[in-house]
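Residue numbers (numbering that gives the first Met the number 0), protein chains in the order written: chain A, 0 to 157; chain B, 0 to 102.
Bear in mind the hints are in silico, worked out from the structure with no lab data behind them. On a predicted model such as this, the values are computed, not experimentally measured, just so you know. Incorrect hints may have been included.
[Claimed, not checked] Calculated lysine-lysine pairs in the DSSO-like style (CA-CA distance at most 30 angstroms, straight line):
#	chain 1	residue 1	chain 2	residue 2
1	B	Lys53	B	Lys71
2	B	Lys59	B	Lys39
3	B	Lys71	A	Lys105
4	A	Lys82	B	Lys34
5	A	Lys56	A	Lys119
6	B	Lys53	A	Lys82
7	A	Lys119	A	Lys62
8	B	Lys78	B	Lys67
9	B	Lys53	B	Lys68
10	B	Lys67	A	Lys82
11	B	Lys34	B	Lys68
12	A	Lys90	B	Lys71
13	B	Lys93	B	Lys59
14	A	Lys87	B	Lys59
15	B	Lys39	A	Lys105
16	B	Lys21	A	Lys119
17	A	Lys119	B	Lys93
18	A	Lys119	B	Lys67
19	B	Lys59	A	Lys62
20	B	Lys67	B	Lys21
21	B	Lys53	A	Lys99
22	B	Lys59	B	Lys34
23	A	Lys82	A	Lys105
24	A	Lys90	B	Lys39
25	A	Lys99	B	Lys93
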Amino acid sequence: MSINDATGVIQHDVPDAFENIETASAAVQAQVGDPAGNFITGTASYGADFAGIASDKLDDFNKAVDTYRDAAIEILDGFDTQKANIEKAFKGSTAESLQKFFTSIKNLCNAYVTAINTEKAYLLEVNQNWINTTAQISSDIETDAGVVDAQKDTINLQ
Amino acid sequence: MALDIEGATTGYDSAGIASLLKVIHADVIQSASDKLTSDKANLDTALDAIWQGKSELIFKSNLEEDVKKICKGLEDAYKTLESEVTQTGQQMGKVDENLVEKK
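Looking at chain B on its own, in the form it has when it is part of the complex (with noise of 0.2 angstroms):
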C-alpha cells in the first residue's frame, strides 16, 4: 500500500496556535479588561455627581476591588489556556519524534 505522506504534519499548528492565543488574549482577556476599566470609571463620575461621603468612597472602592478580581481571573483564565494548548502542543511533538523508529 503506497502511503501519501506529502503534507503531512503533526497534526497540530503550532505557529497558528501561537498566534491565535495572542488574538485571544487582545480580542477577549485585554479588551474585556479595558472595558471593565473604562466602565468603572465612567460610574465613578456619574457617582460622584449624584452622591457624596464616605458611604459613596467606599461603595466606589467595593466595586474597583471586584474589578481588580475580575481582571485578574481573567488574566489567570487565559494564562490556563495558554498553558494546556502549549503542553498540548509538546505532548503532540514527542509523538511526532517517536511515531518512527530512527535505526
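Chain A on its own, in the form it takes in the complex (with noise of 0.2 angstroms):
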C-alpha cells in the first residue's frame, strides 16, 4: 500500500505486519515453553531445546548411540568365537570356504560400527549448527519486532 493512501489503509497494513511477527514468535514459544518477552528480547534459553537435541541431554543421546554400536561389536566378537567352534568340522576346500564367509561377515559389521560412528559425529555437528541457526532466528526476529515497534511508533504520532 501506498503511504499516499488514506490514513485508514495505513494503520491497517502496519498491524498486519506486526501480527505476522507475533504470530510467528508466539508460534515458537508455544513449543518451547518460553514466556514472550524471554524471546522477544533474544534470551534463546530454548536453544538446542527447539526440536533439536535438548542441551541437557547429549550426555544421554550419546549413551544411547554408543551402547549401541557396542552392541554390534560384541556381534562382532561372537563371530570369532563361533568360528573357532564351526571350524573344526570343515576341512580342505570347505574350510577355506568357511573362512571367506567369516571374513565377509566380519568385514560387514566393522563396516557397521564405523557407520554407527560417523552418523552420531555427524549428527552432533548438525545439532551444534542447529543451535547456532536457531540463534541468529532469535537474533533478527528479535531485530524485526524493534523495527515493527518503531513503525507503530511513528504511525501513531501523525
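Join the two chains into one complex using the hints; note that each chain is given alone, in its own frame.
Written out as C-alpha cells, the structure is:
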C-alpha cells in the first residue's frame, strides 16, 4: 500500500505486519515454553531445546548410540567364538569357504560399527549447527520486532 | 597289498555339512540379524525419549537402512557359503563315482 493512501489503509497494513511477527514468535514460544518477553528480548534460552537434542540430554544421546554401537561390536566378537567352534568340522576347500564367509561377515559388522560412529559424529555437528541457526533466528526476529515497534510508534505520532 | 576299504567314504559328510549349515544360519546369521534389529528398536526408544523433530526421524531412518543392508549382507554371505560348500560336496560325489572304473 502506498504511503499516500488514506490513513485508515496505512494503519491497517502496519498492524498486519506486526501481527505476523507476533504470531510467528508465539508459535515458537508455544513449542519451547518460553515466556513472550524472554523470547523477544533474545535470551535464546530455547537453544538446543527446539527440535534438536536438548542440551541436558546430549549425554543421554551419546550413551544411547554408544550402547548400540557396542552391541554391534559384541556381535562382531561373537563371530570369532563361533568360527572357532565351527571350523573344526570343516576341512580342505570347505574350510576355505568357511574362512571367506567369516571374513565377509566380520567386514560387514566392522563397516556397520564405523557407520554408527560416523552417523553420530555427523548428527552432533548438525545439532550444533541447529543451535547456531536458531540463535540467529532469535536475533533476527528480535531485530524485526524492534523495527515494527518503531514503525508503530511512527504511525501513532502521525 | 591288502586294501582296507572298510569305512571308506567320499571324505565328505554330506548329511553332517547340511546340518552344520543350518546351525550356521541359525546361530550366526539369524542370531546376529535378530540382535541388530532388536538393538535398533531399543535405540529408537531411547532416542524418542530425548529428542524430537524431523532430524531425529531421519537419523533413525538412516540407521534403519544400515541395519537392512547389514542383514542382507549377512544373508548373502551365508548363501555364498552354502553354494560353495554344496558344490564341493557335488564335486566330491563325482570323484567318488569315477574313482573306480566300472566293468
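Going through the hints against the structure:
Restraint check for Lys53 (chain B) and Lys71 (chain B): satisfied, since their Cα atoms lie roughly 27 angstroms apart, inside the 30 angstroms limit. Restraint check: the Cα-Cα separation between Lys59 (chain B) and Lys39 (chain B) comes to about 9 angstroms, which is no more than 30 angstroms; the hinted pair holds. Only pairs whose Cα atoms come within 30 angstroms are accepted, and Lys71 (chain B) paired with Lys105 (chain A) is accepted, the gap being roughly 14 angstroms. For a cut-off of 30 angstroms, the pair hint linking Lys82 (chain A) to Lys34 (chain B) stands: about 18 angstroms separates their Cα positions.
For a cut-off of 30 angstroms, the pair hint linking Lys56 (chain A) to Lys119 (chain A) stands: about 14 angstroms separates their Cα positions. Of the supplied pair hints, the one linking Lys53 (chain B) and Lys82 (chain A) is violated, its CA atoms being roughly 42 angstroms apart against a limit of 30 angstroms. This hinted pair checks out: Lys119 (chain A) and Lys62 (chain A) have alpha carbons roughly 11 angstroms apart, not beyond 30 angstroms. A hinted pair counts as satisfied when its Cα atoms are at most 30 angstroms apart, and Lys78 (chain B) with Lys67 (chain B) qualifies at roughly 17 angstroms.
A hinted pair counts as satisfied when its Cα atoms are at most 30 angstroms apart, and Lys53 (chain B) with Lys68 (chain B) qualifies at roughly 23 angstroms. With a C-alpha separation of about 23 angstroms, the suggested pair Lys67 (chain B) and Lys82 (chain A) falls inside the 30 angstroms cut-off, and the hint holds. Proximity of Lys34 (chain B) to Lys68 (chain B) is assessed by CA-CA distance (about 14 angstroms); at most 30 angstroms being required, the pair is judged to hold. At most 30 angstroms may separate the alpha-carbon atoms for a hinted pair to count; Lys90 (chain A) and Lys71 (chain B) meet this at roughly 27 angstroms.
A threshold of 30 angstroms between alpha carbons decides the hint, and for Lys93 (chain B) with Lys59 (chain B) the separation of about 51 angstroms lies outside it, so the pair is violated. At roughly 40 angstroms between alpha-carbon atoms, Lys87 (chain A) and Lys59 (chain B) are farther apart than 30 angstroms, so this suggested pair is violated. At roughly 19 angstroms between alpha-carbon atoms, Lys39 (chain B) and Lys105 (chain A) fall within 30 angstroms of each other, so this suggested pair holds. Distance check on the hinted pair: Lys21 (chain B) and Lys119 (chain A) sit about 36 angstroms apart at the alpha-carbon level, beyond 30 angstroms; violated.
The suggested pairing of Lys119 (chain A) with Lys93 (chain B) is violated, with an alpha-carbon distance near 53 angstroms, which exceeds 30 angstroms. Of the supplied pair hints, the one linking Lys119 (chain A) and Lys67 (chain B) holds, its CA atoms being roughly 18 angstroms apart against a limit of 30 angstroms. Between Lys59 (chain B) and Lys62 (chain A), the direct Cα distance comes to roughly 15 angstroms. Compliance with the 30 angstroms bound is thereby established for this hinted pair. At most 30 angstroms may separate the alpha-carbon atoms for a hinted pair to count; Lys67 (chain B) and Lys21 (chain B) meet this at roughly 22 angstroms.
For the hint pairing Lys53 (chain B) with Lys99 (chain A), the CA-to-CA distance comes to about 41 angstroms; that exceeds 30 angstroms, so the pair is violated. With a C-alpha separation of about 17 angstroms, the suggested pair Lys59 (chain B) and Lys34 (chain B) falls inside the 30 angstroms cut-off, and the hint holds. Annotation: proposed proximity of Lys82 (chain A) to Lys105 (chain A) holds, straight-line Cα distance about 11 angstroms (limit 30 angstroms). Between Lys90 (chain A) and Lys39 (chain B), the direct Cα distance comes to roughly 37 angstroms. Violation of the 30 angstroms bound is thereby established for this hinted pair.
A distance of roughly 24 angstroms separates the Cα atoms of Lys99 (chain A) and Lys93 (chain B); the hinted pair therefore holds under the 30 angstroms criterion.
In summary, the numbered hints that this structure violates are 6, 13, 14, 16, 17, 21, 24.
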